[in-house]
Amino acid sequence: MMDAGDFRVGDVLSVTCPFTVTRVEQGVTWDHVSVRWPWWAVDGDNEFAHWNGIVALGVGGSGHEVEAELFRTDPPPEQLKAGDVCRVGVPPTVVHVTAVDHHDPPLETAWLPHPTQTVTVLRQGLSYREFPDGSHRDGSGYTIHPGDGIPFTFELLMRPYASLQVGDEVADITGRAWRFDGPWDWTAFDGERAGTGPAWPLILLTRAAKPCCVEDAEAVAASTASGSHQKTVRDWMALTEASPTP
Numbered sequence: 098m099m100d101a102g103d104f105r106v107g108d109v110l111s112v113t114c115p116f117t118v119t120r121v122e123q124g125v126t127w128d129h130v131s132v133r134w135p136w137w138a139v140d141g142d143n144e145f146a147h148w149n150g151i152v153a154l155g156v157g158g159s160g161h162e163v164e165a166e167l168f169r170t171d172p173p174p175e176q177l178k179a180g181d182v183c184r185v186g187v188p189p190t191v192v193h194v195t196a197v198d199h200h201d202p203p204l205e206t207a208w209l210p211h212p213t214q215t216v217t218v219l220r221q222g223l224s225y226r227e228f229p230d231g232s233h234r235d236g237s238g239y240t241i242h243p244g245d246g247i248p249f250t251f252e253l254l255m256r257p258y259a260s261l262q263v264g265d266e267v268a269d270i271t272g273r274a275w276r277f278d279g280p281w282d283w284t285a286f287d288g289e290r291a292g293t294g295p296a297w298p299l300i301l302l303t304r305a306a307k308p309c310c311v312e313d314a315e316a317v318a319a320s321t322a323s324g325s326h327q328k329t330v331r332d333w334m335a336l337t338e339a340s341p342t343p
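Per my numbering, the sequence shown runs over residues 98 to 343.
These are calculated hints, taken from the structure and not from any lab test.
Built from N, CA and C at the ideal position, the CB exists for glycine as well.
Incorrect hints may appear among the rest.
[Unchecked claim] Mimicking DMTMM-like on lysine to aspartate or glutamate, the simulated pairs with C-alpha atoms at most 25 Å apart in a straight line are:
#1 178 x 144
#2 328 x 266
#3 307 x 287
#4 307 x 282
#5 307 x 266
#6 307 x 103
[Stated by the list, open to error] Between beta-carbon pairs, the in silico distance windows are:
#7 315 x 103: 19 to 27 Å
#8 328 x 305: 26 to 34 Å
#9 290 x 188: 38 to 46 Å
#10 272 x 144: 55 to 63 Å
#11 124 x 199: 21 to 29 Å
#12 179 x 240: 22 to 30 Å
#13 151 x 286: 48 to 56 Å
#14 240 x 279: 38 to 46 Å
#15 139 x 115: 38 to 46 Å
#16 188 x 318: 38 to 46 Å
#17 196 x 291: 15 to 23 Å
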């Protein structure tokens, strides 16, 4: 299990949430089932928004919202009607992280607790869509708020370039210098196209704009001593069944 505050773009996770008893509200439509949310409380002090304690979950159909939905009901929506008791939760689901945002102060939401972090994920088999057709979403996926009262459990399956930090500067085996801004976001200082990415092994040059320490340099060298950038991409794609986020 990983720390609920430790997320990076590119992480491949298995996420679960225990199924919890609740009740169906307002019936079931062709694309949504509305349930009484068992984990949040209404923020009665919010002057600008009011929440009625109900969350609509995407079901069936082919819309992007439905594709992104993580939560499921037991029994499934087609067996439910308004007033029925059911359970809601997340079965073990493989996702990859497309964005991580921190909120200080916390987000002003109509529910409590207010989120201090937003993590956007896509389920296995789905890739980032820059221009999703017929959707209000931006294609980056489904947003969750770790630490907001929903008892998620996260297992880290893969973190590409775990030994690097955003902003690190490295040299590859061919002598090209690069800036690392994420596993799929490399900038070559020679101004040429990134092409197939940095050639392993890598030498850490700077961290946080300062010369790196020996321990950090050794960790980067060891983690890139075998394999390649392209193998990392292939391994990641095998787990996610998706394309890297541009």
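* Hint check against the structure, violated hint numbers in rising order -> 1, 11, 14, 15
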